[in-house]
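**Q** Numbering of the sequence shown is given in the working numbering, commencing with residue 42 and proceeding in unit increments.
Honestly, the hints are just simulated from the structure, not real lab data. Take these hints with a grain of salt, some might be off.
With a straight-line Cα cutoff of 25 angstroms, these simulated PhoX-like cross-link-like pairs (lysine-lysine) come out [to be verified]:
1. K169 <-> K77
2. K275 <-> K326
3. K65 <-> K169
4. K240 <-> K65
5. K80 <-> K65
6. K77 <-> K65
7. K275 <-> K240
8. K169 <-> K80
9. K275 <-> K243
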Amino acid sequence: LFQAGSISKPIFALAAVRLAQEGKLRLDEDVGAYLKSWKVPATGGFQPRITLRQLLTHSAGLSVHGFPGYGTDELLPTVVQVLDGSPPANTDPVRVNILPGVQFRYSGGGFTVAQLAITDLLGSPFPKLMRELILDPIGMADSTYEQPLPPALAARAATAHPWKGRPLPGRWHIYPEMAAAGLWTTPSDLARAGIEVQKALKGEHAVLTRERAAEMLTPQIQDDMGIGFFLEGKGETMRFGHGGWDEGFVARAVFYKEGGRGAVVMVNSNEGAAILDEVLRAVAKEY
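Whole structure, please, built from the sequences with the hints as guidance.
**A** Right, here's the structure in full:
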């Protein structure tokens with residue numbers, strides 16, 4: 042198992058869209074309707090209205106780009122402490138500081154708000170929800186959002202090597218920001234998620250209808266941003282995917298909208314970022 046970093050985000054987006062498909066939430070509803078344990082703070086005299094669609098497309102105007110994680114010997118914050126930037130959280134408060142819905146700005150903080158909204162709404166632990174909604178139905182048997190990683194899976198997990206080939210003390214970092222950065226998975230399991238979307242587009246779905254899959258791959262706030270997935274190319278070369286970067290792990294997943302092609306590369310070293318595209322080009326050349 043490798044940490045998927047931000048590829049956690051589109052897998053979570055699949056779950057949110059499935060919940061919308063089942064009528065359990067609405068993507069364009071004020072997220073405040075679902076949040077119980079925390080509220081989006083006012084900015085000056087302005088009370089922002091933000092939606093799940095905005096959170097999943099990085100257009101809610103929220104701060105905090107990403108998260109460094111926590112050492113295995115460090116105290117872990119709750120999700121509310123992360124959002125408020127209060128100890129022991131190691132990142133700034135997540136706040137709306139540009140007008141929601143008007144521009145793209147990448148925000149792991151936004152996905153953490155979405156994580157809390159869905160757990161507050163459904164009253165169940167996030168890893169359990171993700172297993173029931175996405176991981177089990179798609180057959181991602183070697184994947185989990187559990188943070189910290191359970192001992193049974195830890196024995197099968199790769200050790201993080203941030204720089205200079207040196208293993209990270211404690212082997213990896215822990216990410217309470219599970220929707221944004223907390224997925225442990227394998228390249229094969231991520232490929233299963235891509236195949237699920239490809240099949241859904243043809244009406245052969247386990248999780249999403251054709252209409253909902255197409256909606257996820259429709260440009261939202263800008264041409265290269267769908268719901269959860271980044272978009273590339275035109276026509277027959279149209280692709281969807283995401284990159285990932287956690288402490289000591291990098292990854293890239295790319296899937297074609299048509300033709301059933303795709304590739305996933307995961308490396309347990311931040312220095313491995315340079316080789317991701319080289320491996321993908323080699324796959325492209327071979328196939």
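**Q** Look at each hint and say if it fits the structure.
**A** Tested hints:
The straight-line distance between the Cα atoms of K169 and K77 is roughly 19 angstroms, inside the 25 angstroms bound, and the hint therefore holds. Taking the CA atoms of K275 and K326, the gap is near 20 angstroms; set against the 25 angstroms cutoff, the hint holds. Restraint check: the Cα-Cα separation between K65 and K169 comes to about 17 angstroms, which is no more than 25 angstroms; the hinted pair holds. Pair hint K240 plus K65 holds up; C-alpha atoms about 23 angstroms apart against a cutoff of 25 angstroms.
Simply put, K80 and K65 have alpha-carbon atoms about 20 angstroms apart, close enough for the 25 angstroms limit, and the pair holds. Pair hint K77 plus K65 holds up; C-alpha atoms about 16 angstroms apart against a cutoff of 25 angstroms. Of the pairs offered as hints, the one joining K275 and K240 holds, with about 19 angstroms between alpha carbons and a cut-off of 25 angstroms not exceeded. Our distance criterion of 25 angstroms between C-alpha atoms is met by K169 and K80, whose separation comes to about 23 angstroms.
Among the hinted pairs, K275 with K243 is consistent with the structure: their alpha-carbon atoms are about 18 angstroms apart, no more than 25 angstroms.
When each numbered hint is compared with the structure, no violation occurs for any of them.
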